[in-house]
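J.: The residues making up each chain are set out below.
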Amino acid sequence: MAVRLFARGSDGVVCIADASTSESTFQDYVSNPYKNIDNINFHSAFDYMSLAAQFTTSITFSARAASSTTQSVNKGKGSVTIQLPEQGTQRHQLGTHGLGYTPFATATRGNANRQVTPTFQLQKNGAAIRLVNVEMDSNKIYVYESWVTYTNALAATTQTFNCWVFRNPE
Amino acid sequence: MAITLNIQPTRFRASGSKLDSNRRYIRKVSSSADLKFVISRNMDVKNGGLRYVDPQGNNSDDNNYNGTFSGTAGVGIKVT
Chain A
164 MAVRLFARGS DGVVCIADAS TSESTFQDYV SNPYKNIDNI NFHSAFDYMS LAAQFTTSIT
224 FSARAASSTT QSVNKGKGSV TIQLPEQGTQ RHQLGTHGLG YTPFATATRG NANRQVTPTF
284 QLQKNGAAIR LVNVEMDSNK IYVYESWVTY TNALAATTQT FNCWVFRNPE
Chain B
19 MAITLNIQPT RFRASGSKLD SNRRYIRKVS SSADLKFVIS RNMDVKNGGL RYVDPQGNNS
79 DDNNYNGTFS GTAGVGIKVT
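So the protein lines, in turn, are chains A and B. Heads up: the first sequence runs through residues 164 to 333, numbered per our numbering. Heads up: the second sequence runs through residues 19 to 98, numbered per our numbering.
Mixed in with the good hints, there may be bad ones.
Claimed, not checked - Reference excerpt, derived from the structure (chain B facing chain A, CB under 8 Å, subset only): (1) Lys36; (2) Arg41; (3) Tyr70; (4) Gln74; (5) Gly92; (6) Val93; (7) Gly94.
Claimed, not checked - The calculated label-pair distances, taken between Cβ atoms and stated as ranges, are: (8) A:Asp191 <-> B:Arg59: 48 to 58 Å; (9) B:Arg45 <-> A:Asp191: 43 to 53 Å; (10) B:Thr86 <-> A:Asp174: 50 to 60 Å; (11) A:Glu249 <-> B:Ile21: 56 to 66 Å; (12) B:Thr28 <-> A:Glu249: 51 to 61 Å; (13) A:Glu186 <-> B:Met61: 23 to 33 Å; (14) A:Ser183 <-> B:Thr28: 41 to 51 Å; (15) A:Arg167 <-> B:Thr86: 45 to 55 Å; (16) A:Ser309 <-> B:Phe30: 37 to 47 Å; (17) B:Thr28 <-> A:Gly251: 18 to 28 Å; (18) B:Ser50 <-> A:Phe209: 20 to 30 Å; (19) A:Phe209 <-> B:Ile25: 13 to 23 Å; (20) A:Gly251 <-> B:Arg29: 30 to 40 Å; (21) B:Thr28 <-> A:Gln217: 30 to 40 Å.
No wet-lab data here; the hints were simulated from the structure. The C-beta atom is built at its ideal place from N, Cα and C for all residues, glycine as well.
Construct all of the structure, not just a fragment, from the sequences and the given hints.
T.: This is the structure in structure tokens:
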């Protein structure tokens, strides 16, 4: 599709849209971008996200042993020992973006269909589970691991993350 | 006042660099996405079990889950 670039010198408005659009409709895009957002490729009234950093990082998540925590509870005249779950967290660094503010970032594991969605279930074995979240601060991107084990352990696993960091819309 | 258009042999900028050919932007695509934006709830707990809906919209249930939650596939994004 051929597009048309229009720049209005009087107020600095810039609009890019389908070149086959009629003149009157195109001018409506220029003057009323919000109601025409589906038809506009670019308009100076909008803010746009752009890619600030992209990197690929492999992280090895440690093996987590089955829980060894027990508790003795009274049962009739005697007592029984029950096993209690154990849990923990660990923050792993994926990379540095250096933007100076906390940006939006996300990660996949190889392709888009293996996106690390919020509180992603990375691993499960019986009642043992390992969840991960992509986290960011003003300088770096991390993957935050939360795990729980009970009667089953979690084996160590190495995962490769493709990270995408975006500037705030501007 | 920001420069409206700045066109050089190897670089194009518009609206005070709001659009800059040196930068990479995102656009929505229906196939060949680089990543996906999750646009709605993607987990449900029922009967002591968990259903996770992956970015393609497929369900992943543990043995106890007996609910009927249906999530939504993520939106495909291409970085160009």
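J.: If a hint holds in the structure, say so; if it doesn't, say that too.
T.: Results for each hint:
1. At a threshold of 8 Å, the smallest CB-CB gap from lysine 36 of chain B to chain A is about 6 Å, leaving the interface hint in force.
2. The closest approach between the C-beta of arginine 41 of chain B and any C-beta of chain A is roughly 4 Å, which is under the 8 Å cut-off, so the hint is satisfied.
3. Look at tyrosine 70 of chain B: its Cβ gets to within about 5 Å of chain A, closer than 8 Å, so that hint holds up.
4. With its C-beta approaching chain A no nearer than about 5 Å, glutamine 74 of chain B sits inside the 8 Å limit, and its interface hint holds.
5. Evaluation of the glycine 92 of chain B hint against chain A yields a held restraint, the C-beta minimum of about 6 Å falling below 8 Å.
6. Hint on valine 93 of chain B is violated. Least Cβ distance to chain A is approximately 10 Å, over the 8 Å limit.
7. The restraint placing glycine 94 of chain B at the interface with chain A holds, with a minimum CB-CB distance near 6 Å, inside the 8 Å limit.
8. Take aspartate 191 of chain A and arginine 59 of chain B: their Cβ atoms lie about 37 Å apart, and the range 48 to 58 Å is violated.
9. Evaluation of the 43 to 53 Å hint for arginine 45 of chain B and aspartate 191 of chain A yields a failure: the beta carbon distance comes to about 23 Å.
10. Threonine 86 of chain B and aspartate 174 of chain A have their C-beta atoms about 53 Å apart, which keeps the hinted 50 to 60 Å range intact.
11. Evaluation of the 56 to 66 Å hint for glutamate 249 of chain A and isoleucine 21 of chain B yields a pass: the beta carbon distance comes to about 60 Å.
12. In this structure the supplied range 51 to 61 Å holds for threonine 28 of chain B paired with glutamate 249 of chain A, their Cβ-Cβ distance being about 58 Å.
13. At about 50 Å, the beta-carbon gap between glutamate 186 of chain A and methionine 61 of chain B misses the expected band of 23 to 33 Å.
14. Separation of serine 183 of chain A from threonine 28 of chain B is about 29 Å and departs from the stated range, judged on CB atoms against 41 to 51 Å.
15. Checking the proposed 45 to 55 Å range against arginine 167 of chain A and threonine 86 of chain B shows it holds: the Cβ atoms sit about 49 Å from each other.
16. Here the CB-CB span from serine 309 of chain A to phenylalanine 30 of chain B is close to 45 Å, well matched to the stated 37 to 47 Å.
17. Taking 18 to 28 Å as the suggested C-beta distance range, the pair threonine 28 of chain B and glycine 251 of chain A does not conform, at roughly 51 Å.
18. Evaluation of the 20 to 30 Å hint for serine 50 of chain B and phenylalanine 209 of chain A yields a pass: the beta carbon distance comes to about 24 Å.
19. For phenylalanine 209 of chain A and isoleucine 25 of chain B, the Cβ-Cβ distance of about 21 Å falls inside the hinted range of 13 to 23 Å, so the restraint holds.
20. A hinted range of 30 to 40 Å is violated for the C-beta pair glycine 251 of chain A and arginine 29 of chain B, which are about 49 Å apart.
21. About 22 Å separates the C-beta atoms of threonine 28 of chain B and glutamine 217 of chain A, a value inconsistent with the hinted range of 30 to 40 Å.
Hints 6, 8, 9, 13, 14, 17, 20, 21 from the list above are not met by this structure, while the remaining hints are.
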